[in-house]
Amino acid sequence: MNFCFNASTLYVLLGDNGAGKSTLLRMLAGLTQPTSGKVELNANFTRQQVGYMGHASLLYDELTGMENLRYFAELQGMGTSHETIKKCELAMNCVGLDPGMHRNVHAYSQGMRQRLSLARAVLHSPKIVLLDEPFSNVDAVSMAQMSRHLGELRDAGCTVIVITHQVTALAHTGDEFLTMQLGRIIESRKRAQLRPTEVGL
Amino acid sequence: MSGGFYAITRANLEKDLRLEWRSKDALNAMGFFALLVVVIFAMSFDPSAEESRRIVGGIFWVAFLFAAIVALNQTWAREMRNQVLDAYRVSAAPASALFFSKVLGNFLFVGLIELLVSPLFVVFYNVRSIGPVWQLAVVFFLGTWALVANGTFFAALSLRTRNREVMLPLLLFPISIPALLAMVQATTNILSGEYSPDMWIKLLAGYDVVFTIAGLLMFEVVLNAE
Numbered sequence: 001m002n003f004c005f006n007a008s009t010l011y012v013l014l015g016d017n018g019a020g021k022s023t024l025l026r027m028l029a030g031l032t033q034p035t036s037g038k039v040e041l042n043a044n045f046t047r048q049q050v051g052y053m054g055h056a057s058l059l060y061d062e063l064t065g066m067e068n069l070r071y072f073a074e075l076q077g078m079g080t081s082h083e084t085i086k087k088c089e090l091a092m093n094c095v096g097l098d099p100g101m102h103r104n105v106h107a108y109s110q111g112m113r114q115r116l117s118l119a120r121a122v123l124h125s126p127k128i129v130l131l132d133e134p135f136s137n138v139d140a141v142s143m144a145q146m147s148r149h150l151g152e153l154r155d156a157g158c159t160v161i162v163i164t165h166q167v168t169a170l171a172h173t174g175d176e177f178l179t180m181q182l183g184r185i186i187e188s189r190k191r192a193q194l195r196p197t198e199v200g201l
Numbered sequence: 001m002s003g004g005f006y007a008i009t010r011a012n013l014e015k016d017l018r019l020e021w022r023s024k025d026a027l028n029a030m031g032f033f034a035l036l037v038v039v040i041f042a043m044s045f046d047p048s049a050e051e052s053r054r055i056v057g058g059i060f061w062v063a064f065l066f067a068a069i070v071a072l073n074q075t076w077a078r079e080m081r082n083q084v085l086d087a088y089r090v091s092a093a094p095a096s097a098l099f100f101s102k103v104l105g106n107f108l109f110v111g112l113i114e115l116l117v118s119p120l121f122v123v124f125y126n127v128r129s130i131g132p133v134w135q136l137a138v139v140f141f142l143g144t145w146a147l148v149a150n151g152t153f154f155a156a157l158s159l160r161t162r163n164r165e166v167m168l169p170l171l172l173f174p175i176s177i178p179a180l181l182a183m184v185q186a187t188t189n190i191l192s193g194e195y196s197p198d199m200w201i202k203l204l205a206g207y208d209v210v211f212t213i214a215g216l217l218m219f220e221v222v223l224n225a226e
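Protein chains in written order, with our numbering: chain A, 1 to 201; chain B, 1 to 226.
If you are wondering where the hints come from, they were derived from the structure by calculation, not from laboratory data.
What you are looking at is a predicted structure, and each value in this text was computed from that prediction instead of being measured.
There's no promise every hint is true.
[As the list claims (entries may be wrong)] Partial list, derived from the structure: chain A residues whose beta carbon lies under 8 Å from chain B:
| # | residue |
| --- | --- |
| 1 | Ala29 |
| 2 | Glu62 |
| 3 | Leu63 |
[Claimed, not checked] Just a sample of chain B residues kept apart from chain A, beta carbon distances all over 10 Å, derived:
| # | residue |
| --- | --- |
| 4 | Ala42 |
| 5 | Met43 |
| 6 | Gln83 |
| 7 | Val84 |
| 8 | Val122 |
| 9 | Trp134 |
| 10 | Leu170 |
| 11 | Met199 |
Ideal placement from N, C-alpha and C gives every residue a C-beta, glycine not left out.
Between the sequences and the hints, there should be enough to build the whole structure, so can you do that?
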């Protein structure tokens, strides 16, 4: 595979199970090393400019949503200032969660976990956002909200790469739709080239 | 923008203490296990005060070596749940800060159980120290650090193996033998007052320094291993 992901673009990765989508995303995040070849980031990028949301929630079940975000903000070097707390609250609001909610994450629904996981991934304003199945178990309203948020990130200059089986969720936001098969990108389409069924018609 | 080593260590430690406070998984299991060992050995041997001074060091440290395994497995199991460790690996936080905070956390957990269970040793084994008690405190500190520094590293090493609960003791026990020997000998020497424990305390301190530095330096490789 030889592919270049550009800034200010929202890519949607499509493909059957086992096509290599998640492996590609993990390699881009630096979590898996390629057996051959290499993944190169723009020279100006550092690891902390990558936001990653995996299959699992990557959250602590015994902490509240805000406690999780504040912990991960500290890991990203954002400190514990009042400004950081405000950023955490804003991140929760952006995905439709109430920052004042005192429930631990284990009491969240699957959809709420997905939304909090997205908030965690983009909390530190990364330049590259990698999301693996962000819409699974998310209701239509939240899906639209999350999709809009991803569009805003793209407009702010981020490279956003999303794996999803729900192409309709990003049919109006995605810029480039890549189909993978057996570890290769076999098709690349612009938004206008989507089939009517894929845009929900 | 990257957080410093100490800031990240503090954040990790705070998070671990909060998680343990809410679940009490490690503390309950460790406390119960250590308590069982104390009671079972006391009922099995019924030693005199003189015999107690000779054997209690061995029983104490073996009990806490086994009990610490529970905490060590638990500390990384938490990070594997929901694959939270991936979020740490993607972040800018240094791997060594995660290792150091886990060692500190486990030290506090194991140390707390030692503090709570130690009076039972005095009661059940009728132990009175002939040597200076402050030296016992030094041995407890260094011995506990040796258990958790080594144990935290090897627990992380066995994290991705299929039978990590079995793998950890297999890796940890052989490499802990020098430290365990030093802990038992130093404790016995202090309790009996027959020999100086200085050599064993120095050995234990050296072991702690070597394994803590090795852990800090090598942990990034362990954390990012596939």
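Going through the hints against the structure:
Interface restraint check: Ala29 (chain A) against chain B, minimum CB-CB distance 5 Å, threshold 8 Å, status holds. The closest approach between the C-beta of Glu62 (chain A) and any C-beta of chain B is roughly 5 Å, which is under the 8 Å cut-off, so the hint is satisfied. Contact between Leu63 (chain A) and chain B, as hinted, is supported at the beta carbon level, the nearest pair being about 7 Å apart and thus within 8 Å. No beta-carbon of chain A comes within 10 Å of the beta-carbon of Ala42 (chain B); the shortest separation is about 36 Å.
Residue-level check passed: Met43 (chain B) sits 37 Å from the nearest beta carbon of chain A, beyond 10 Å. The claim that Gln83 (chain B) is not at the interface with chain A is violated, since a C-beta of that chain comes within 10 Å of its own (minimum 4 Å). The non-interface label for Val84 (chain B) is inconsistent with chain A: the shortest C-beta to C-beta separation is roughly 5 Å, within 10 Å. Look at Val122 (chain B): its CB is around 35 Å from the nearest CB on chain A, clear of 10 Å, so calling it non-interface holds up.
No beta-carbon of chain A comes within 10 Å of the beta-carbon of Trp134 (chain B); the shortest separation is about 37 Å. Every beta carbon of chain A lies more than 10 Å from that of Leu170 (chain B), the smallest distance being close to 27 Å; the non-interface claim holds. For Met199 (chain B), the condition that its CB be more than 10 Å from all CB atoms of chain A holds, with the nearest at approximately 43 Å.
Of the numbered hints listed earlier, those contradicted by the structure are 6 and 7.
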